[in-house]
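Just so you know, we're using this note's numbering here: the sequence shown kicks off at 176 and counts up by one.
A portion of the hints provided could be inaccurate.
[To be verified] Capping the alpha-carbon separation at 27 Å, the derived lysine-lysine pairs in BS3-like fashion look like this: (1) LYS464 <-> LYS397; (2) LYS515 <-> LYS499; (3) LYS515 <-> LYS397; (4) LYS488 <-> LYS464; (5) LYS540 <-> LYS488; (6) LYS499 <-> LYS464; (7) LYS540 <-> LYS499.
[To be verified] Pairwise CB distance ranges (calculated): (8) GLU376 <-> ASN433: 35 to 43 Å; (9) SER276 <-> ALA373: 18 to 26 Å; (10) GLY425 <-> ARG315: 19 to 27 Å; (11) SER334 <-> PRO552: 41 to 49 Å; (12) GLY360 <-> GLY395: 29 to 37 Å.
No wet-lab data here; the hints were simulated from the structure.
For glycine and all other residues, C-beta sits at the position ideal for the given N, C-alpha and C.
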Amino acid sequence: MSSIKLSAILKRSASLPPRLVHRAPFRAAAATTVSSSSYSTSATSGSTNHFNHRILRQATSFCDRSAAYPLVDNQQLLQSSGAAVQKSRFSSTDTAASTSSPPFRKILIANRGEIAIRIMQTARAHNVQTVAVYSTADARSPHVSYADEAVCIGPPASSASYLDIDKVCEAIDMTGSEGVHPGYGFLSENSEFANRVAAMEVNRAPHGGGGSDSIGEKEGQKVKFIGPNTHAIQSLGDKIQSKLIADAAGVSTIPGYNGVVSSPEHALEIAHDIGYPVMIKASSGGGGKGMRICYTDEQVHEGYRLGSAEAQKFFGDDRLLVEKYVEDPHHIEIQVLSGKNPHSGELDILCFPERECSIQRRNQKVVEESPSPHLSPSTRREMIRQVKSLVREVGYESAGTVEFLVDERQNFYFLEMNTRLQVEHPVTEMISGDGYASGNYVDLVHGMFEVAAGRGIP
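Hey, can you work out the whole structure from these sequences and the hints?
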């Protein structure tokens, strides 16, 4: 096919509405076999393909709601942190998981690839039907065949498919989905998308029918965004705003200017006030984009120019902030799962073992270790206390990650909070509790399902 014909097809497909491509019969949860090959066949539910990825299996966690520090192999570490231990009620082998009512009848995963399959794996284990969305380029991707239903939402360009809020919302309505999990990346931290989803009502007569068997069916039932609310995404997604919130919550923050830097001259003035070295970085986004380390006045001028241009290019927001650069720091992040207790109305908060992610290349994490060998018990306790304070300040409900920089003297500073499930979340799942090979594990995605359904931390 010529490039001209292909271009015409893609242009035409960009204007078409989402379309339901296949409607597979719902596959109830069943024992499956995962081999070392890319795919394997279920011996109990017909010839169903299963995508093989080592992080689809997670380890267990024995957690305590108040102390919120799960069991790890090093018992002395646990005891020195003052953590009590009890069995979590959302471990994978919990018999209640297979007998209790599912949190949703059907959910749509607004993502692709590994994370989409990761979420579907948990959904299948809890008898929740799944809907995949995909672009024309991903028609043969494993996540499409793994789902119970799949909807094509546009051409290969992400802006015309996975990032097109209108098309994703139309797919939600078309399939009668009761919940939407955004995964990570794409629309996962887009407050407009979260708001649009939360405003939708579940379609009880979706394309192809079959909406009458909904679990807990209610007239005018709203679709649930399986993640934090719009306020949390907006306030914590902006680095300037999140730093102000952290200050108000009593969280240690990096010295710097708590506002938008208006010009190179303003950046230079701030650098002189707090002393070199300083870090100029974008207010929005992450991944090391828009970041510059400066040791001189000349570098500040150049860093402001390049940083603002890069921030505008990647995030559509050229706002910058300036703060003290912590040299040779340890990068520490703490996994959180929080939700409102349906009985008491109080916010329950779980803080899992910290992840050390200091080995990076171009501000991208390469290796993660958990728990961190650098933290002392007293530092760990104080970090957990401050994380809980921040979560309560925002009223955060879902999975999230609070990131800190820690210097050689154990001084630590709030960096940001990721208001989504992180790529690295399996590290926490695999090291918590009985261990990766035990087959008995805490599933963070299941926790997100339960919190979003209003049932609290299971």
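Do the hints match the structure? See the list:
{"no.": "1", "hint": "LYS464 <-> LYS397", "result": "violated (36 Å)"}
{"no.": "2", "hint": "LYS515 <-> LYS499", "result": "violated (36 Å)"}
{"no.": "3", "hint": "LYS515 <-> LYS397", "result": "holds (18 Å)"}
{"no.": "4", "hint": "LYS488 <-> LYS464", "result": "holds (9 Å)"}
{"no.": "5", "hint": "LYS540 <-> LYS488", "result": "holds (22 Å)"}
{"no.": "6", "hint": "LYS499 <-> LYS464", "result": "holds (18 Å)"}
{"no.": "7", "hint": "LYS540 <-> LYS499", "result": "holds (21 Å)"}
{"no.": "8", "hint": "GLU376 <-> ASN433: 35 to 43 Å", "result": "holds (40 Å)"}
{"no.": "9", "hint": "SER276 <-> ALA373: 18 to 26 Å", "result": "holds (22 Å)"}
{"no.": "10", "hint": "GLY425 <-> ARG315: 19 to 27 Å", "result": "violated (51 Å)"}
{"no.": "11", "hint": "SER334 <-> PRO552: 41 to 49 Å", "result": "holds (48 Å)"}
{"no.": "12", "hint": "GLY360 <-> GLY395: 29 to 37 Å", "result": "holds (32 Å)"}
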